[in-house]
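Asker: This is what each chain is made of:
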Amino acid sequence: MNESQMIEDVRSALDDATSHVSAPPGLAERARAGGRRRLTVRGLLAGVPAVALVAGAAFVVHGSAPAATSASTGVVMPAHSAASSSPGSVQLTSYQTTVLAKAHVTLANLAVLKKMHLTPVQIKALGVAYRTAQQIAGAEGTGKQLTVAQIASVVKVKLTVAQLAALGYANMTVAQIEAIAKADLTAAQLAALGG
Amino acid sequence: MRQQRLAAFEEFAQVNGDALIRLSFALCGDRGAAEDAAQEALTGVYLRWGRLDDPLPYARRAVVNATNDQWRRLSRRERRERAVASRPPESPALLDDVVADRDRLMKALRRLPYGQRAVIVLRYWYQLSEQETAHALGNSAGTIKSQASRALARLREELRSDLLPASPEEY
Numbered sequence: 002m003n004e005s006q007m008i009e010d011v012r013s014a015l016d017d018a019t020s021h022v023s024a025p026p027g028l029a030e031r032a033r034a035g036g037r038r039r040l041t042v043r044g045l046l047a048g049v050p051a052v053a054l055v056a057g058a059a060f061v062v063h064g065s066a067p068a069a070t071s072a073s074t075g076v077v078m079p080a081h082s083a084a085s086s087s088p089g090s091v092q093l094t095s096y097q098t099t100v101l102a103k104a105h106v107t108l109a110n111l112a113v114l115k116k117m118h119l120t121p122v123q124i125k126a127l128g129v130a131y132r133t134a135q136q137i138a139g140a141e142g143t144g145k146q147l148t149v150a151q152i153a154s155v156v157k158v159k160l161t162v163a164q165l166a167a168l169g170y171a172n173m174t175v176a177q178i179e180a181i182a183k184a185d186l187t188a189a190q191l192a193a194l195g196g
Numbered sequence: 019m020r021q022q023r024l025a026a027f028e029e030f031a032q033v034n035g036d037a038l039i040r041l042s043f044a045l046c047g048d049r050g051a052a053e054d055a056a057q058e059a060l061t062g063v064y065l066r067w068g069r070l071d072d073p074l075p076y077a078r079r080a081v082v083n084a085t086n087d088q089w090r091r092l093s094r095r096e097r098r099e100r101a102v103a104s105r106p107p108e109s110p111a112l113l114d115d116v117v118a119d120r121d122r123l124m125k126a127l128r129r130l131p132y133g134q135r136a137v138i139v140l141r142y143w144y145q146l147s148e149q150e151t152a153h154a155l156g157n158s159a160g161t162i163k164s165q166a167s168r169a170l171a172r173l174r175e176e177l178r179s180d181l182l183p184a185s186p187e188e189y
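In order, the protein sequences belong to chains W and C.
In case it helps, this note's numbering puts the first sequence at residues 2 to 196.
In case it helps, this note's numbering puts the second sequence at residues 19 to 189.
There may be inaccurate statements among the hints.
[As the list claims (entries may be wrong)] Calculated lysine to aspartate or glutamate pairs in the EDC-like style (CA-CA distance at most 16 Å, straight line):
no.: 1; chain 1: C; residue 1: Lys-125; chain 2: W; residue 2: Asp-17
no.: 2; chain 1: W; residue 1: Lys-103; chain 2: W; residue 2: Asp-185
no.: 3; chain 1: W; residue 1: Lys-125; chain 2: W; residue 2: Asp-185
no.: 4; chain 1: C; residue 1: Lys-163; chain 2: C; residue 2: Glu-148
no.: 5; chain 1: C; residue 1: Lys-125; chain 2: W; residue 2: Asp-16
no.: 6; chain 1: C; residue 1: Lys-125; chain 2: C; residue 2: Glu-176
no.: 7; chain 1: C; residue 1: Lys-125; chain 2: W; residue 2: Asp-10
no.: 8; chain 1: C; residue 1: Lys-163; chain 2: W; residue 2: Glu-4
no.: 9; chain 1: C; residue 1: Lys-125; chain 2: C; residue 2: Glu-175
no.: 10; chain 1: C; residue 1: Lys-163; chain 2: C; residue 2: Glu-150
no.: 11; chain 1: W; residue 1: Lys-115; chain 2: W; residue 2: Asp-185
No wet-lab data here; the hints were simulated from the structure.
Put together the whole structure using the sequences plus the hints.
Answerer: What follows is the structure, given as structure tokens:
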């Protein structure tokens with residue numbers, strides 16, 4: 002059988018095999034319903050539950066202990082355990098809030114990282130890069146601010162020039178960036194807390 | 019405005035629904051999986067409606083991907099059972115040589131790896147150009163050309179070895 006004959010036979014065979022197949026009634030409606038459901042889910046994921054945001058923010062800004070307490074905002078902050086935080090949740094675990102609070106990480110710091118569109122993996126790598134850059138620049142405590150050049154010398158996380166520039170303007174300390182890396186924030190948490 | 023948009027999408031789904039389900043069925047041989055894949059593809063089109071210059075190539079690509087996903091989720095046993103159940107009932111006409119040859123060809127086609135089967139279906143049955151096939155499969159035109167050649171060679175081999183019982187890998 003030559004090639005063109007085989008192709009012709011394939012066509013006929015597929016025509017035959019699919020001749021009894023047609024779209025079920027209401028296919029378009031079901032597709033639209035599926036689309037609407039997906040949009041709703043996206044909306045829910047994008048929208049941040051206000052209580053979680055304020056509670057998380059208050060923890061970060063005030064460095065409170067991770068127990069149920071009342072912040073100056075008057076919002077009661079629930080204590081979250083690491084086990085209770087689901088992957089899609091934007092609520093911070095007690096471990097995350099403690100780590101961030103200890104290093105005095107502010108919402109502005111997180112906003113910078115958010116604007117840089119860094120992935121959690123990049124943030125982790127950045128934490129390591131900051132520590133290494135600090136060692137290169139000379140140990141002056143974890144409160145030292147690093148120049149873009151110093152960070153760039155060790156960053157291996159494929160940052161763009163714009164991302165590096167944003168990092169430079171942020172004036173974040175080694176301790177802060179390390180704490181953010183250690184807190185292992187999810188993309189959803191970063192998006193929520195980054196304002 | 020929204021009504022117009024909905025009407026346009028409805029029309030698109032109505033005009034292309036059959037073709038999309040047939041494409042998926044040709045790829046997987048399962049009616050249920052084909053309907054699910056077509057619905058998934060149309061959902062994607064609906065979400066992007068207004069942003070797509072030509073929704074059909076997008077829909078085709080989505081069907082090919084969704085069919086692959088649907089089919090991968092099933093166990094081998096389920097695949098075999100569903101493929102058998104999806105076949106039209108055999109009639110005495112099956113004894114006819116032409117029908118028997120087509121049946122043999124379909125079995126051989128379904129023994130091909132998914133990528134090669136997709137190339138044959140899109141390129142030769144759907145009669146898409148190499149560029150269009152490449153877009154539907156997310157490959158380059160050059161890759162499609164070589165894949166098509168390999169797929170036809172493999173199909174010929176399968177047909178030669180057709181006297182052997184159907185492989186459990188079918189589908």
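Asker: A separate judgement is required for each hint: does it hold in the structure or not?
Answerer: Against the structure, the hints:
1. Lys-125/C - Asp-17/W: 13 Å, holds
2. Lys-103/W - Asp-185/W: 15 Å, holds
3. Lys-125/W - Asp-185/W: 7 Å, holds
4. Lys-163/C - Glu-148/C: 7 Å, holds
5. Lys-125/C - Asp-16/W: Holds. Lys-125/C to Asp-16/W sits at ~14 Å (cutoff 16 Å).
6. Lys-125/C - Glu-176/C: Roughly 9 Å between the alpha carbons, so the hint for Lys-125/C and Glu-176/C holds.
7. Lys-125/C - Asp-10/W: This hinted pair holds, its Cα atoms lying about 13 Å apart.
8. Lys-163/C - Glu-4/W: Distance ~14 Å between Lys-163/C and Glu-4/W Cα, so the pair holds.
9. Lys-125/C - Glu-175/C: 12 Å, holds
10. Lys-163/C - Glu-150/C: 12 Å, holds
11. Lys-115/W - Asp-185/W: 14 Å, holds
Hint compliance for this structure: every hint is met.
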